[in-house]
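Novice: Listed below, chain by chain, are the residues.
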Amino acid sequence: KAGVTQTPRYLIKTRGQQVTLSCSPISGHRSVSWYQQTPGQGLQFLFEYFSETQRNKGNFPGRFSGRQFSNSRSEMNVSTLELGDSALYLCASSLGLAGGLRTQYFGPGTRLLVL
Amino acid sequence: TQLLEQSPQFLSIQEGENLTVYCNSSSVFSSLQWYRQEPGEGPVLLVTVVTGGEVKKLKRLTFQFGDARKDSSLHITAAQPGDTGLYLCAGAGPETSGSRLTFGEGTQLTVNP
Numbered sequence: 023k024a025g026v027t028q029t030p031r032y033l034i035k036t037r038g039q040q041v042t043l044s045c046s047p048i049s050g051h052r053s054v055s056w057y058q059q060t061p062g063q064g065l066q067f068l069f070e071y072f073s074e075t076q077r078n079k080g081n082f083p084g085r086f087s088g089r090q091f092s093n094s095r096s097e098m099n100v101s102t103l104e105l106g107d108s109a110l111y112l113c114a115s116s117l118g119l120a121g122g123l124r125t126q127y128f129g130p131g132t133r134l135l136v137l
Numbered sequence: 006t007q008l009l010e011q012s013p014q015f016l017s018i019q020e021g022e023n024l025t026v027y028c029n030s031s032s033v034f035s036s037l038q039w040y041r042q043e044p045g046e047g048p049v050l051l052v053t054v055v056t057g058g059e060v061k062k063l064k065r066l067t068f069q070f071g072d073a074r075k076d077s078s079l080h081i082t083a084a085q086p087g088d089t090g091l092y093l094c095a096g097a098g099p100e101t102s103g104s105r106l107t108f109g110e111g112t113q114l115t116v117n118p
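Residue numbers (the working numbering), protein chains in the order written: chain A, 23 to 137; chain B, 6 to 118.
Bear in mind the hints are in silico, worked out from the structure with no lab data behind them.
Remember, it's a predicted structure, so these values are computed and weren't measured experimentally.
Each residue gets a CB set at the ideal place from its N, CA and C atoms; glycine is no exception.
Among the hints, a few may not be true.
Said to hold, decoys possible - Derived CB-CB ranges, DEER-like:
#: 1; chain 1: A; residue 1: T42; chain 2: B; residue 2: V55; range: 16 to 26 Å
#: 2; chain 1: A; residue 1: T29; chain 2: B; residue 2: T82; range: 34 to 44 Å
#: 3; chain 1: A; residue 1: R37; chain 2: B; residue 2: G21; range: 40 to 50 Å
Using the sequences plus the hints, can you model the full thing?
Specialist: The following block contains the structure:
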């Protein structure tokens, strides 16, 4: 069974631009969560989607948004990029709504550099 | 806001040594997970502990959940170079729901041959 895939793996953008990242969950998984990982802040939860609906949201500004499609694939969008948005963006999938007892499978991440 | 503090942040040891990584919080968690992340990859779940005082063993790795479910530790016996990586603890609940795991900043472990 193929793992979680994320595209692109690397991305360089300039301030003010917008970016869209894609995540394909493991086949059969309906929950997709997004995290931002930076050296200073560690892994921070962005949001979770289940059955095309956002079920949970972290403390990020509205510039960060996402969506999920009927095939469970998910995209996240960051508008008006800032230097501080440079990070590794991780996507994780699970069978159902992920909680403390559910196993989340992480993708390799998309490394975004904002210049 | 629930915070998880991991210590130490960095650890460099020789092959064969033992080590312990700590994960502490002032908040109570319904469960706590440990992950290992290697360069260029996402975190991989090692274990989930649920009951206060619970101890789980995974080969040379021993995980313990504190009695009050506010802290956890990871002990590695006879570390090997293959254990090198970023170790992350993550707590869930009781205030959180869904995927809102709270992660510690991680412990970067380097095991030198």
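Novice: Run every hint past the structure and note whether it holds.
Specialist: Going through the hints against the structure:
no.: 1; hint: T42(A) - V55(B): 16 to 26 Å; in the structure: 37 Å, violated
no.: 2; hint: T29(A) - T82(B): 34 to 44 Å; in the structure: 40 Å, holds
no.: 3; hint: R37(A) - G21(B): 40 to 50 Å; in the structure: 48 Å, holds
Hint 1 alone, counting from the list given before, is not met by this structure.
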